[in-house]
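Student: Based on the provided sequences and hints, a complete structural model is requested.
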Amino acid sequence: MTDDVEPVVRLEGITKRFPGVVANRDVALAVQRGEVHAVVGENGAGKSTLMKILYGMQRPDEGSISVDGQPVRFSNPGDAIAAGIGMVHQHFMLADNLTVLENVVLGAEPTRRGMLDVGAARAKILDLSGRYGLGVDPDALVEDLGVGDRQRVEILKVLYRGARVLILDEPTAVLVPQEVDELFASLTGLRAEGVSVIFISHKLDEVLRVADSVTVLRQGTTVTTVAAASVTARQLAELMVGSALPTPETRESTVTDVVELDVQGLTVRNPAGRAVVEDVTLRVRRGEVVGIAGVEGNGQVELVEALLGLRASTGVVRLGDRDLSALSTRERRESGIGYVPEDRHRQGLLLSAPLWENRILGHQRRKPNAKGPWIDRRGARADTERIVREYGVRTPGIDVPAFALSGGNQQKLVIGREMSDSPSLLVASHPTRGVDVGAQAAVWDHIRAARRDGLAVLLVSADLEELIGLSDTLVVMLRGRLVATLDPATTTPESLGSAMTGAAGEGAA
Amino acid sequence: MSLLTEERQEPVPVAPTPSRFDPRRLLLAVAAPLLAALVALAVSSVALIASGSNPFTVYARMLSEGTTLRSLLITVNNAVPLYLSALAVALGFRMGLFNIGVQGQYQLAALLAAAAGAAVTLPGPLHIAFVIVVAMAVGALWAGVAGVLKTARGVSEVISTIMLNVIAGGLAAYLLTTYLQERVEGSNNSRTPLLPESARLPDLDGLLLAVGIEPPQGTRLGGFLVVAIVVGVLYALVVSRSRFGFELRATGLNPSAAVAAGVDAKRMTVVTMLLSGAIAGMVGLPQLLGQSYSYGLDFQTGLGFTGIGVALLGRGSPVGIAFAALLFAFLERSSATLQRIDVPTEIYVIMQGSIVLSVVVAYEAVRRAGVAQAERAVRRATEPGAAVDA
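Chains as they are written, first to last, in my numbering: chain A, 1 to 509; chain B, 510 to 899.
Quick caveat, the hints were computed from the structure, so don't treat them as lab data.
We treat Cβ as the ideally placed atom computed from N, Cα and C, and that holds for glycine.
Be careful, since some hints might not be right.
[Stated by the list, open to error] Pairs of lysine-lysine, DSS-like flavour, derived with a Cα cap of 27 Å:
| no. | chain 1 | residue 1 | chain 2 | residue 2 |
| --- | --- | --- | --- | --- |
| 1 | A | Lys-203 | A | Lys-367 |
| 2 | A | Lys-367 | B | Lys-775 |
| 3 | B | Lys-775 | A | Lys-371 |
[What the hints assert, rightly or not] For the chain B half of the interface with chain A, some residues (derived, Cβ under 7 Å), not all of them:
| no. | residue |
| --- | --- |
| 4 | Glu-723 |
| 5 | Pro-764 |
| 6 | Gln-882 |
[To be verified] Pulled a few chain B residues facing chain A out of the computed Cβ check, cut under 7 Å:
| no. | residue |
| --- | --- |
| 7 | Ser-751 |
| 8 | Phe-755 |
| 9 | Ala-766 |
| 10 | Ala-769 |
| 11 | Glu-884 |
| 12 | Val-887 |
| 13 | Ala-890 |
Tutor: Printed below as a string of structure tokens:
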């Protein structure tokens, strides 16, 4: 900004090898004082290794790091913190049962005569919070805070330790649109005070909204650094994957008039007896994608789990001409429901089991995985090979445990599995969450292909562009009810966003 | 709101499903038990030195004592009930259930099977089969109580099976001393009536002679070994080759994913407890059918708890458990005469304990190495752009 030229942080020629792999190769990054500098790239492009090096968690094999023009050498995060570099991890590291103040000072407690100096800590926290516009209440209990607030506590924790360079690892992955806005407002405050922010993301529209400059990594090396104002999201994405890429748009309609999924008066109550899904009536026709939009926590999870029979509900669920209401989860799945769960680690995979055993999961009583009461190993293995091939799962083999694959490849495997044995309904929750751009395009292709093949698709997502781009019909879920039905052709992310918060009024349904 | 949590699934201590042959994976699999054995040897040596003995003298004595033909036969005989006990525990482990109640299950099963066997008249093989079936049924029902408590009321099976052990012990003593006992002249032992000849299991000495081994006087190879081998093979088939076994392992690896895959978690819990209990019910049978022919106050106890250690050491694999059971039985047998050189026999308990402890640590270390190895392999194969030089 002022006497520019000399960046706050400069990394030059960084190379980091792991046995058999070069994670970073001759990477260069220069971050100016008071700028938001985005680092983008697909999963596996080397973003996290680079940040671990900058934060002292790993040592580079070659290359140099300098802070304020002085060469430095970090052997642990403590050194990085001492040099004014702090990191906010994607997964928060806060103690729920402590207050904000206690969390912030934890490990760096100011003391007076051997006692925690609460007064000094509170004054410093309030000062930082006011100066950077973070709006944090030091006496709130962390367990009472929402995700956005927790994130600001994490940021405050780092600032409290004197950081002038802040590394944010995928900070928006866990936020809803409103919280993203608040985060970006905070970043603006930080920038105004001369703090530099390194922002790791693969949501390019967000990167462009908040960043001043963008460094693109591909396959372990720097592709380029550009001013955010001079590129479009599409150009950035093409730099990331190194080629032109597809969009989520689905144009020619394949919707038939045969109703495949027919839900009537579905109600789910939580243990306290409150309706978390209330009187939902919904139809999905063959060849149609119905997108469910809504701020998370408005009953989408419960609705999906009720459809799968994972949660008790009242009302009627019909698939084709079959009444599923009284059937078990297995019977429902075997009637033709494919299920791509929101959290594949929790509901979709046996992480420590090999891929071919994961292929069997959910299909353990069906061909080609079972023969009578026995598992058909040969059949399952052969079909896993088919999925790996047809769905482009990048893996050295089918005996690899599932945890070793990247998120995108795990998701391709899950989708391939759920699309086998010709389902008639695909329920997909946040199908591109935590997957990289390349895999995201592949997932969209598979959903479009399913629709073309005449499947009914129920899509739940927090990615508004994805919802608008893929859906034939959009319904908005708010406090457990379907409150609006929208035509994606005439819907923008902005209008959808306001419908999600109830701003559009409830008469539209 | 629910986030994408990167929930780590803590793997239960079981062997990975055998797949394609991979020398590095095999090396890792063998490394853990070897490492554990070395640590255990070190710990035992310290214990021996602390108690004023020379570890080398003791080990030499154990080796010479333990490898006589007589000792080896006794070792095999003693390994059989340990093996069954460990299989019962391991079956539960596979789906994340801890059946600590093998103790009570086999006590009650052996008592009722002994009483029922003595009360009926049946031709030979049928009579033996009848006793086995009664024992399995009693063990299954007793374990099933814990299964039903867990699914119906959410009671942890760890707590309920331990409590059921105490109840089983009391119940067995009560039944034995009131309804089921037979007075024996000149003894103050209470026991059930002796099983008739038709319910006694023949020994395998004929088999030994056929291969040219002559068992020493007074030592026999028990016939229940055959049953144990059959149970081991069935266990392997069911756990790693059947649909039921897949659902069982899936539940153990990731309960939420198993439920989402259509596995009925409650049914699995009850069925697994029933099966585990049925195996546990057989633990007392080698003694009942091949040695004492009755259940008395002096019936062997403690096999249920030792079985937990054997199951841990064997990593839930039927072959691993067989080796572990033999090792435990060998340690016990070979230390039997240590008293003659003024070393307490109980040294074998220290050895068994330190083996189990070091095994848990060694398996964790090896598991981590395996994880790192798999991740490297995938990175190497899927990032050709970054793959390299050197």
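Student: Look at each hint and say if it fits the structure.
Tutor: Outcome of the hint check:
1. A:Lys-203 x A:Lys-367: violated (39 Å)
2. A:Lys-367 x B:Lys-775: holds (25 Å)
3. B:Lys-775 x A:Lys-371: With Cα atoms ~24 Å apart, B:Lys-775 and A:Lys-371 stay inside 27 Å; holds.
4. Glu-723: Status violated, d = 43 Å.
5. Pro-764: The hint is violated - B:Pro-764 has no Cβ within 7 Å of chain A, the shortest such distance being about 10 Å.
6. Gln-882: violated (9 Å)
7. Ser-751: Holds: closest Cβ of chain A sits about 5 Å from B:Ser-751, inside 7 Å.
8. Phe-755: holds (5 Å)
9. Ala-766: Since the shortest Cβ distance to chain A is 5 Å, the answer is holds.
10. Ala-769: B:Ala-769 check passes; min Cβ-Cβ to chain A is 4 Å, inside 7 Å.
11. Glu-884: holds (5 Å)
12. Val-887: holds (4 Å)
13. Ala-890: holds (3 Å)
In this structure, the earlier hints numbered 1, 4, 5, 6 are contradicted, and the remaining ones agree with it.
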